[in-house]
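Protein chains: 2
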Amino acid sequence: MATRSTVPKLRLLLARRIRAERGRLGISQEELAERTGLHRTYIGSVERGERNVSIDNVERIARGLGVQPQELLSDEGK
Amino acid sequence: MATRSTVPKLRLLLARRIRAERGRLGISQEELAERTGLHRTYIGSVERGERNVSIDNVERIARGLGVQPQELLSDEGK
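So the protein sequences, as listed, match chains A and B. Residues in the first sequence are numbered from 1 upward in steps of one, following the numbering used here. Residues in the second sequence are numbered from 1 upward in steps of one, following the numbering used here.
Treat the hints as calculated values from the structure; they're not laboratory data. All values reported here derive from a predicted model rather than from experimental measurement. Some hints here could point you the wrong way.
One copy or any two copies: either way a pair holds, since identical chains are not told apart in the list.
In silico lysine to aspartate or glutamate, DMTMM-like type, Cα no more than 25 Å apart, as pairs [as the list claims (entries may be wrong)]:
#, residue 1, residue 2
1, 9, 75
2, 9, 71
3, 9, 56
4, 9, 34
In isolation and in its complexed conformation, chain A is listed as follows:
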């Protein structure tokens, strides 16, 4: 949840990029959860920007999506 003056923009970008890459692959949150070993509800909350995701989980999610981690933090592919 965004509080005070600083909106965690990176978190929201990550959320959007994961949704976009998952959509590109045409897989469900359940499928991504299975690929990453994370829980479906966790994936859902990450995609809504509710989670302050750890770097280790960014790596797992990137691997599950078949992209480089930095691609999930970059606006280029928007």
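Following the hints, position chain B against chain A.
This is chain B only, laid out in the frame that chain A set:
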């Protein structure tokens, strides 16, 4: 510390990139801590790859270093 089968490579890359960018600026861990509002000992443990840093803190550290967050997860500038 790397355990079991999967080494968190991204975490170690992040650690190395933060050290490199801080060195480029010629600032101490104390100075980076002050710029980010994080604790000096936390910065130290991040730079040793001991911390599973959150995405919000990656953003704060990138801002403190004056780089884009994805630059901290990319090997290009090595």
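Status of each hint after checking the structure:
1. 9 x 75: So residue 9 and residue 75 pass the 25 Å test inside a copy (11 Å) and across (23 Å) alike.
2. 9 x 71: both (15 Å within a copy, 16 Å between copies)
3. 9 x 56: Intra 19 Å, inter 8 Å, cutoff 25 Å: intra and inter.
4. 9 x 34: Between. Shortest inter-copy distance 21 Å satisfies the 25 Å Cα cut-off; intra-copy 27 Å does not.
Comparing the model with each numbered hint stated earlier shows that all of them hold.
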